[in-house]
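Basically the numbering used here = 1-based index in the sequence shown + 2.
Source of the hints: derived by calculation from the structure; they are not laboratory data. Check before you lean on any hint, since a few could be wrong.
Unchecked claim - Across the chosen pairs, the derived CB separations fall in these ranges:
id, residue 1, residue 2, range
1, GLY180, ALA229, 35 to 43 Å
2, LYS182, SER87, 40 to 48 Å
3, PRO99, VAL178, 27 to 35 Å
4, GLN83, PHE56, 27 to 35 Å
5, LYS243, GLU276, 17 to 25 Å
6, GLU126, THR253, 40 to 48 Å
As the list claims (entries may be wrong) - With a Cα cut of at most 25 Å, we get these calculated PhoX-like pairs of lysine-lysine:
id, residue 1, residue 2
7, LYS207, LYS119
8, LYS62, LYS243
9, LYS211, LYS244
10, LYS62, LYS100
11, LYS152, LYS182
Beta carbons: idealized from backbone N, C-alpha and C, even for Gly.
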Amino acid sequence: MHPRLRAPIALTSASKVSPPKPVLNFCRAYAAGSKGAGKKDGKKEKKKKGGGDFIQHDLKDALQFSLTEAVRYIRAMEVGQNPVSVKYDLAVRLRTPKTSPIIRNRIRLPTPVRTDKRVCVIAEGKHAEAARQAGATIVGTDEVFEQIRKGILDFELCIAHEDSFKALVATKLGKVLGPKGLMPSPKLGTVVKNTSAAIKELVGKADYKERMGVVRLAIGQLRFTEAQLAENIKAFMGHLKKDIAALDNVTKSIHEVVLSSTHSSGFSLNGQIEPVAASGGQESKQ
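Starting from the given sequences, assemble the full structure and let the hints guide the process.
Have a look at this one:
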């Protein structure tokens, strides 16, 4: 018999069993089941917002340093670097609830870290001229608004005269300036009557803001003496404690203070200026 004319093979009972479902269909069904696993009665479960405090490590066995020791190590790590461009950075870790109001303020340090801020002043007429004479780099209203709309933010501080502040608010540019911390605010003292006096007062000040339970501030230049650095740290810590005390019905406290620089590691401070007692070359800890 010709191969192509063979009689059909009779189907046995085993061959009549339905073939298995394709693997692809099984995967799709499994995936669909996984997506719906977290639903009840067709409704999505709302995720609970995280609460509690920010987690801070225990300092009981932590190695801590006096300011003099920390500065000595940091300067060793910054050998050959520009003593003006390299900055000391102070990070203050707080024991604070995640949902509590954040701390935000500005301070004039005894020895300012920067005095060359580029200032924008929203003002017209004699107030604009006074701002230019005081050293403002960008001055005006409509032309300044247009630059901001284009994303040109070539300044680090923005001040508005009280007569021009309403015009700024009407532009709704707060959506651009606000996230960058540049929106003038009466609360922060950047909506003023005297533009010239405000520039002289604010240029030497430094802004700080709490983020994720930590407040950071450039506290000095590498060229600063230990006495200048200690004076700046003392002034900032006193200012920060007042900010904490001013909060209503909120429990915040200082957990740790860490000093670092542009290229160095961080050194946890023990609150002392000089090493206590004779450390025999070992770092002191309190």
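Hints, one by one, checked against the model:
1. GLY180 to ALA229: 35 to 43 Å: Holds, at about 38 Å.
2. LYS182 to SER87: 40 to 48 Å: At 22 Å between Cβs, range violated.
3. PRO99 to VAL178: 27 to 35 Å: Since the Cβ atoms of PRO99 and VAL178 sit about 31 Å apart, the hinted range of 27 to 35 Å holds.
4. GLN83 to PHE56: 27 to 35 Å: holds (32 Å)
5. LYS243 to GLU276: 17 to 25 Å: At 23 Å between Cβs, range holds.
6. GLU126 to THR253: 40 to 48 Å: holds (46 Å)
7. LYS207 to LYS119: holds (10 Å)
8. LYS62 to LYS243: Satisfied, since the Cα-Cα distance of roughly 23 Å is no more than 25 Å.
9. LYS211 to LYS244: holds (14 Å)
10. LYS62 to LYS100: holds (23 Å)
11. LYS152 to LYS182: holds (15 Å)
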